[in-house]
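Each protein sequence line maps, in turn, to chains S and F.
Read left to right, the first sequence gives residues 1 to 285 (the working numbering).
Read left to right, the second sequence gives residues 1 to 580 (the working numbering).
Think of the hints as simulated: they come from the structure by calculation, not from any bench.
Any given hint could be a false lead.
Each computed DSS-like pair below joins lysine-lysine, with the alpha-carbon atoms no more than 25 Å apart [unchecked claim]: (1) K505(F) - K465(F); (2) K212(S) - K182(S); (3) K282(S) - K60(F); (4) K182(S) - K425(F); (5) K539(F) - K558(F); (6) K282(S) - K101(F); (7) K162(F) - K60(F); (8) K124(F) - K162(F); (9) K282(S) - K458(F); (10) K141(S) - K127(S); (11) K60(F) - K505(F); (12) K455(F) - K465(F); (13) K204(S) - K141(S); (14) K388(F) - K505(F); (15) K282(S) - K465(F); (16) K60(F) - K164(F); (17) K465(F) - K388(F); (18) K385(F) - K200(F); (19) K425(F) - K5(S); (20) K359(F) - K527(F); (21) K455(F) - K282(S); (22) K385(F) - K282(S); (23) K458(F) - K359(F); (24) K282(S) - K124(F); (25) K139(S) - K217(S); (26) K505(F) - K385(F); (27) K282(S) - K245(F); (28) K152(F) - K101(F); (29) K162(F) - K282(S).
Each pair of labels, with its calculated beta carbon distance range [to be verified]: (30) S110(F) - D276(S): 41 to 47 Å; (31) N285(S) - K184(F): 46 to 52 Å; (32) Q269(S) - P228(F): 27 to 33 Å; (33) D276(S) - K184(F): 42 to 48 Å.
Rough simulated footprint, nothing fancy, chain F against chain S, three-plus residues with beta-carbon under 8 Å [unchecked claim]: (34) 58-65; (35) 121-132; (36) 223-232; (37) 248-261.
No residue lacks a Cβ here, since even glycine has one placed at the ideal position from N, Cα and C.
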Amino acid sequence: MLNQKDYTSSYTPTWCPGCGNFSIYPATKMALAQLGIEPHRVAMVFDIGCSSNGSNFYHLYSFHSIHGRALPVAEGVKLANHSLHVIADSGDGGAYGEGISHFVHSCRSNIDMTYLVHDNHLYSLTKGQASPTSNRGMKTKSTPYGIIDQSFNPLATAIINGATFVAQAFSADIPGMTEIIKQAIQHRGFAFVNILQLCPTFNKINTLDWYKQRVYKLSEAGHDSGNYTQAVTAATQPSEKLPLGILYQIHKPTYEEGIPSLSQMPLVQRSVDRIDITESLKTYN
Amino acid sequence: MDENNFNWKIGGEAGYGILSIGAMFSRAMLRAGQCVFDYAEYPSLIRGGHNTYEVSVSPKPVYAVRRPIHVLVALNQQAVDRHVDELADDAFILFNTDNAKVGEGVCKPSQTVIGIPFEELALKSGAERVSRNTVALGASFGILGAGMQLAKEVIELNFSLKKKDAQVAVVNVAAAQAGYDFVKKQLKKPGRYSLRIQSKPGRIILAGNDALAWGAIKAGCNFFSAYPMTPATSILHTFAAQAPKYNLVVKHTEDEISAIGCAIGAGYCGVRSMTATSGGGFALMTESLGMAGMVEVPVVIVESMRPGPSTGMPTWTGQEDLKFILSASQSEFPRIVMAPGDVEQSYQYIQSAFNLAEKYQSPVVVIMDKYISASHKSVDPSDLKNIKIERGQVVTENELADSPDYLRYVDTADGVSPRALPGMKGGMHVANSDEHNERGFSEEDAAERARMMDKRYKKQAAMAKEIPAPEIEGESHAELTLITWGSTRGAIQEAVAMLRDQGHKINFLQIAYVSPFPAEKVKDVFKHAKKVAIVENNKTGQLAGWLREQTGLSPDFKILKYDGRPFFAHELVATIKELL
């Protein structure tokens, strides 16, 4: 039986006391352990940010990429070796700011991977600036007079752009989060989980109490995750209501299934020796 | 009679099918057993603007496009006005009487001017007006007096490749025949420039991008991700078309950042991966280029240059990105930068690029430009050299089981740390863009930082030892030694030969591996050269600057051109003669 320790490196986590990452980290490891996925079968591609410093803390194939670019690297990994379980892991800044285009296009592609976004509504590694999901009017170091922009809606964006698994978890609910991450990993296709995350150091607005007044479980609200209209409705509620659970899940062919070259074996297993192009070159006559 | 030795050019509006008919003419000449080099000029437009295509034909290898023009087909007035100065004294000018005229005194009495109603002939043949270009092809064959068979062949080939209805080819052949007959009737005496069809010696015709793409496929590159950008786009087209046959994964990504990110992800997994772009796209890739350097992931990046800055002149040529490529991305890390100089080198060097990328776990940038990427050259397939595949050091699962404490970035004598690939039991590690220790964990300790920087730079020293030194080509005891890089090679080869015929001894050094720089060899060349001139397609002499940085030496002269056009051999000859 695998357990959390099998995915834990010797590097001591460097997050602040009370950080939501201290819950997301074990939940992710438990999900992998409970699914029986051995550490060497997991490639986890991280962004840059507080959450992505987790790249050091996991014992698996961990790739600490650059800000906003976890998804492209993860896509390359998946297409090179689709036998691996691929998880891309980012914060709300990298995912919805710098890397927004990759997010939208990964949803469209329905590539088979899990995308975990630690959404603390703030840039925390740079010590507290507004993020795309910060609430309108919020005062931060980069918006001392209040945010003018409307906050970004990741759940609705994922649903309308073709993601086949869209869920929201809450860092203060470890069992619920573990279950959602498990289902995301098991899902065949692009599985996106927005994780509402506490940042007690810098985010004094979106606190545990603030969330507790707003979150509700979709499973207890009679939600049908196979119903597109219900999913969009749940994703576009006013911010007083924050759904937890799977908003939307359908089954569609994955990106890799559309590539004939991958039907027999992972690309990395193909021999590169003795490729004969003689006949093809003759057509240039 | 100048048999099988002539330069043909066609000009007209964008949308007239100039590029398509030019490529067909090139192919017909190849099938006539001749050597060919072609060059097209066109603006970054789909309709309107002026397009040209020129083809230099000879029984012996042609290394660059040649001037003057012996046969000009002018499909509109601009094609007459703009190119009349490029003509040989005994040139033939076929102009379009439907929309152009050649005024009195425009051409020399020694030149032959034939007015042809291209569009009228197209319509009369049952084709549409757009078939004026196939009428032009037939008319050109009329001048060359070689019969219509090859023209017919390439027309049929063209429409079958485009999967057009058979009837389209039939009416186009008729249109070409009409052009051919018209010229035959008009021509008072046999043409001075003629084509004699010879048995085909098995040559093929490739653009630099074709050769590069096939070299990559041959080298086992089976992952290609890119975003279209002229003049690199045709590499994407070749890869995409060949994906099912050669089991390739080809991804047209949302942008260049994703293109290189995907290629890095695939390279990290142990697949030979590549991306291709031009300067603007490469600018977007630079942060990820540094990531590949830091994480030590093999990846090949093709940068086919065009004149800038910014959008610049998208469909023209230049060598303006060298310094940018050499220093792209923040900080310092070893990289390999190479610049093939012709079609054969494009095929060969791209294979080396994959070996070097994997051996040194490093990004390799292969520099092309519009001229080499898009110009077609006839080549003998036996001159397309295959390089032995070397995959670099990768550990096995057995080795990992025997020594459980795997260090991904272990400090070794040559700085190369054997890779564990994702999926291998026991090889888990952090592939880290943060500075890291041997294990891959983020590390900011002063001594460790310096040690890892030194480790990466040991690879640079090892690369420098492996990379072949450039060789002097041309005459020994030369009056002048030219130093160059990239596509300029062809015009220099032509110029050196022309100068030799005029009694001048010139030689040249093409620096194909620009980084690590072959400093010792270049110093030696300077020591033995009477005079040195650098030839570059840019404003500031970027190779000259890099050479000086690496050797402390400066050339006696810089021959620079930065008008968006390649060097022409006759221009080089004139410039060089002034220097002698």
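Hint check results:
1. Distance check on the hinted pair: K505(F) and K465(F) sit about 32 Å apart at the alpha-carbon level, beyond 25 Å; violated.
2. For the hint linking K212(S) to K182(S), the alpha-carbon distance of about 23 Å falls within 25 Å, and the restraint holds.
3. This hinted pair checks out: K282(S) and K60(F) have alpha carbons roughly 21 Å apart, not beyond 25 Å.
4. At roughly 22 Å between alpha-carbon atoms, K182(S) and K425(F) fall within 25 Å of each other, so this suggested pair holds.
5. Distance hint between K539(F) and K558(F) is fulfilled; the C-alpha atoms sit about 10 Å from each other, no more than 25 Å.
6. Between K282(S) and K101(F) the alpha-carbon distance is near 42 Å, which puts this suggested pair outside the 25 Å criterion.
7. Of the pairs offered as hints, the one joining K162(F) and K60(F) is violated, with about 31 Å between alpha carbons and a cut-off of 25 Å exceeded.
8. Under the criterion of a C-alpha separation no larger than 25 Å, the hint pairing K124(F) with K162(F) is consistent with the structure, at around 24 Å.
9. Restraint check for K282(S) and K458(F): not satisfied, since their Cα atoms lie roughly 43 Å apart, outside the 25 Å limit.
10. For the proposed pair K141(S) and K127(S), the alpha carbon gap of about 8 Å is at most 25 Å, so the pair holds.
11. Under the criterion of a C-alpha separation no larger than 25 Å, the hint pairing K60(F) with K505(F) is consistent with the structure, at around 21 Å.
12. Restraint check for K455(F) and K465(F): the C-alpha separation of about 16 Å stays at or below 25 Å, so the hint holds.
13. Distance hint between K204(S) and K141(S) is fulfilled; the C-alpha atoms sit about 13 Å from each other, no more than 25 Å.
14. Taken as a hint, the K388(F) and K505(F) pair is broken in the structure, with Cα atoms around 36 Å apart against an allowance of 25 Å.
15. A C-alpha spacing of about 36 Å is found between K282(S) and K465(F), which places the hinted pair above 25 Å, so the restraint is violated.
16. Note on K60(F) and K164(F): the hinted pairing is violated, with a Cα-Cα distance of about 35 Å set against a maximum of 25 Å.
17. Our distance criterion of 25 Å between C-alpha atoms is met by K465(F) and K388(F), whose separation comes to about 18 Å.
18. Restraint check for K385(F) and K200(F): the C-alpha separation of about 21 Å stays at or below 25 Å, so the hint holds.
19. Distance restraint check for K425(F) and K5(S): the Cα-Cα separation of roughly 16 Å lies within the 25 Å cut-off, and the hinted pair is therefore satisfied.
20. With a CA separation close to 33 Å, the supplied pair K359(F) and K527(F) exceeds the 25 Å bound.
21. Taking the CA atoms of K455(F) and K282(S), the gap is about 45 Å. The hint is violated against a cut of 25 Å.
22. Using a Cα cut-off of 25 Å, the hinted pair K385(F) and K282(S) holds, with the two alpha carbons roughly 15 Å apart.
23. Distance restraint check for K458(F) and K359(F): the Cα-Cα separation of roughly 13 Å lies within the 25 Å cut-off, and the hinted pair is therefore satisfied.
24. Of the supplied pair hints, the one linking K282(S) and K124(F) is violated, its CA atoms being roughly 36 Å apart against a limit of 25 Å.
25. For the hint linking K139(S) to K217(S), the alpha-carbon distance of about 29 Å lies beyond 25 Å, and the restraint is violated.
26. Taking the CA atoms of K505(F) and K385(F), the gap is about 30 Å. The hint is violated against a cut of 25 Å.
27. A threshold of 25 Å between alpha carbons decides the hint, and for K282(S) with K245(F) the separation of about 15 Å falls inside it, so the pair holds.
28. Of the pairs offered as hints, the one joining K152(F) and K101(F) is violated, with about 29 Å between alpha carbons and a cut-off of 25 Å exceeded.
29. This hinted pair checks out: K162(F) and K282(S) have alpha carbons roughly 18 Å apart, not beyond 25 Å.
30. In this structure, S110(F) and D276(S) break the distance hint of 41 to 47 Å, their C-beta atoms being roughly 53 Å apart.
31. Between N285(S) and K184(F) the beta carbon distance is about 28 Å. The supplied range of 46 to 52 Å is therefore violated.
32. A hinted range of 27 to 33 Å holds for the C-beta pair Q269(S) and P228(F), which are about 30 Å apart.
33. Roughly 45 Å separates the CB atoms of D276(S) and K184(F), a value that falls within the hinted 42 to 48 Å.
34. Against chain F, the region 58-65 of chain S contributes 7 residues with a C-beta closer than 8 Å to a partner C-beta. That satisfies the three-residue criterion, and the hint holds.
35. Restraint check on the region 121-132 of chain S versus chain F: 0 residues with Cβ-Cβ distances below 8 Å, three needed, restraint violated.
36. Counting residues of the region 223-232 of chain S whose beta-carbon sits less than 8 Å from any beta-carbon of chain F gives 0, not enough to reach three: the coverage restraint is violated.
37. Judged by the Cβ-Cβ criterion of 8 Å, the region 248-261 of chain S is covered by chain F as claimed, because 3 of its residues qualify and three suffice.
Consistency with the previously given hints fails for numbers 1, 6, 7, 9, 14, 15, 16, 20, 21, 24, 25, 26, 28, 30, 31, 35 and 36, ordered from lowest to highest.
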